Each structure stands twice: as structure tokens, then as C-alpha cells.
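Place chain B on chain A using the hints.
2 protein chains.
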Amino acid sequence: MNGILLFGHGARNPEYIEPFRRIRAAVERLQPGVPVETGFLELTRPPLEAAIEALARRGVTHVKVVPIFFAPGRHVLKDLPELLGSAMDRFPGIEFEVAECVGEVDGVIEAMAAHAVAGA
Amino acid sequence: MNGILLFGHGARNPEYIEPFRRIRAAVERLQPGVPVETGFLELTRPPLEAAIEALARRGVTHVKVVPIFFAPGRHVLKDLPELLGSAMDRFPGIEFEVAECVGEVDGVIEAMAAHAVAGA
Numbered sequence: 014m015n016g017i018l019l020f021g022h023g024a025r026n027p028e029y030i031e032p033f034r035r036i037r038a039a040v041e042r043l044q045p046g047v048p049v050e051t052g053f054l055e056l057t058r059p060p061l062e063a064a065i066e067a068l069a070r071r072g073v074t075h076v077k078v079v080p081i082f083f084a085p086g087r088h089v090l091k092d093l094p095e096l097l098g099s100a101m102d103r104f105p106g107i108e109f110e111v112a113e114c115v116g117e118v119d120g121v122i123e124a125m126a127a128h129a130v131a132g133a
Numbered sequence: 014m015n016g017i018l019l020f021g022h023g024a025r026n027p028e029y030i031e032p033f034r035r036i037r038a039a040v041e042r043l044q045p046g047v048p049v050e051t052g053f054l055e056l057t058r059p060p061l062e063a064a065i066e067a068l069a070r071r072g073v074t075h076v077k078v079v080p081i082f083f084a085p086g087r088h089v090l091k092d093l094p095e096l097l098g099s100a101m102d103r104f105p106g107i108e109f110e111v112a113e114c115v116g117e118v119d120g121v122i123e124a125m126a127a128h129a130v131a132g133a
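Protein chains in written order, with the numbering used here: chain A, 14 to 133; chain B, 14 to 133.
Bound-form chain A, shown alone (with noise of 0.2 Å):
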């Protein structure tokens, strides 16, 4: 079974998370039935390795990955990768893939485009 981690780099604000759970509520509604978490690389809850492991105990094999990053740095580049590769050691079952982070899709740049000029 197909899951999707939303992964954001977490801040001391507790507002911070708002996004996130719109996010996820926006790919529950988009597609019902697929297990969907929001895990962090500090700061904010859960961690990462946290948001993985709920999804395995939901019987998902292959996570998808989103970065809900403007661009990829060193979080995406180097922190990523080394917190995947410790979690497939521990869940040797499942697989993961990293999509684009948001900042790079064309349909993300236009509504920021279109946030910027509304009502201008």
C-alpha cells in the first residue's frame, strides 16, 4: 500500500504546523483511504522517523516523500537521505521515493504567483 509523508523542517511556533495538517487534509480529500502523515526534521512533532513509523504500522510498503520545502538545501540534499537511510534498515519492507520538493512544481510557483498579484 501507497503512503505519503509531508515532510517539513519544523519550527518553535505552534502555528507552524497549520499548513501541514491543510496539506493533509487537502491529499485526504484528493485521495481517500491513503494514509498520509506530516513528520519533521526538528522542532515540531513528530519527528520524522515518528511519522514513518506510523505509516508502517498502517501496513504501507512504499512512501512517498514530499519535501514542503521552497528549494532543495542541505535538509532536503543531505538530512533527508540520511534519515531515510536509517529507516530502511529499520523497516526493511518498505520503499521510499522523494518527489520534487513543492517550491520546484510549476502549479505551486503559479498560485504563489497568483497570491502575490491578487487584489493588486
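Calculated directly from the structure, the hints in this document are not laboratory data. Wrong hints could be hidden among the right ones.
Because identical chains share one entry, a pair is satisfied inside a single copy or across any pair of copies.
Here are the simulated lysine to any residue pairs, SDA-like style, with alpha carbons at most 20 Å apart [as the list claims (entries may be wrong)]:
hint	residue 1	residue 2
1	Lys91	Ile30
2	Lys91	Pro27
3	Lys91	Asn26
4	Lys91	Ala38
5	Lys91	Glu28
6	Lys91	Glu31
7	Lys91	Ala24
8	Lys91	Arg103
9	Lys91	Arg25
10	Lys91	Ala112
11	Lys91	Leu43
12	Lys91	Glu117
13	Lys91	Gly23
Here the structure is a predicted model, which is why all the values come from computation and not from measurement.
Relative to chain A, chain B alone:
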């Protein structure tokens, strides 16, 4: 004249600027002739102040600042108002307006969710 300022955090890697270039190009396509600049808090050039200066040189009297952040945290709620406060002292003829963070906007949330389920 209205202008748009895309405000980002900044990062060490030079590729970080790419999505900002693309949002700027999309905004210029949507509103040809409206001055658009990108400005950053740290690491990536130009700094916010320099971007405001560039808009002032282009005759802009109203700047819509669009935070390219997923959620409002310290950088948007504290650092940005401080920077804009200094800019208001320096450019008394310019009005500033701060838009919602892109990650709070329905269309952007939907586009990120669509990316998360693409090909799944």
C-alpha cells in the same frame, strides 16, 4: 505606483534563489509592467533593504510584501516588521502592506496537495 516584494528567508546554496526567480517571472507575466523584486532576510542576495531601494528607484509608492514562507513565525512576525520599520524611516514616501504567507493561501495549499498525490 504599486510594486511587489517577494520576501524569502535565504539559504547558503545558490540554487535556493531559483523558485524566487520563477515566482517573479510568473508575477511579471500576470502583471506586465508592475515592478517586482525579491529580497531576503539572510544569506541570499539581495537583502530586503536593497530590494526596497530598487523598488523606490523604480518609482514605487506602495509595496506589497509577500512572505514566501509556509507559516508566519519569528521571521515574518518580528524580523520583517523591524526591517519594514527601518524602511519606512528611510523611504517615507512608500506605503507598505504585508500579504499572507504563501503557505496560508488556499490555492497554494491545494497545489501542494496536488503535487503530493501526483502519479500516486
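Hints versus structure:
no.: 1; hint: Lys91 with Ile30; result: between (23 Å within a copy, 19 Å between copies)
no.: 2; hint: Lys91 with Pro27; result: between (26 Å within a copy, 16 Å between copies)
no.: 3; hint: Lys91 with Asn26; result: between (25 Å within a copy, 12 Å between copies)
no.: 4; hint: Lys91 with Ala38; result: neither (28 Å within a copy, 29 Å between copies)
no.: 5; hint: Lys91 with Glu28; result: between (27 Å within a copy, 15 Å between copies)
no.: 6; hint: Lys91 with Glu31; result: between (26 Å within a copy, 19 Å between copies)
no.: 7; hint: Lys91 with Ala24; result: both (19 Å within a copy, 14 Å between copies)
no.: 8; hint: Lys91 with Arg103; result: within (19 Å within a copy, 41 Å between copies)
no.: 9; hint: Lys91 with Arg25; result: between (22 Å within a copy, 14 Å between copies)
no.: 10; hint: Lys91 with Ala112; result: within (15 Å within a copy, 32 Å between copies)
no.: 11; hint: Lys91 with Leu43; result: neither (30 Å within a copy, 36 Å between copies)
no.: 12; hint: Lys91 with Glu117; result: within (18 Å within a copy, 27 Å between copies)
no.: 13; hint: Lys91 with Gly23; result: both (16 Å within a copy, 18 Å between copies)
The earlier numbered hints that this structure contradicts are 4 and 11.
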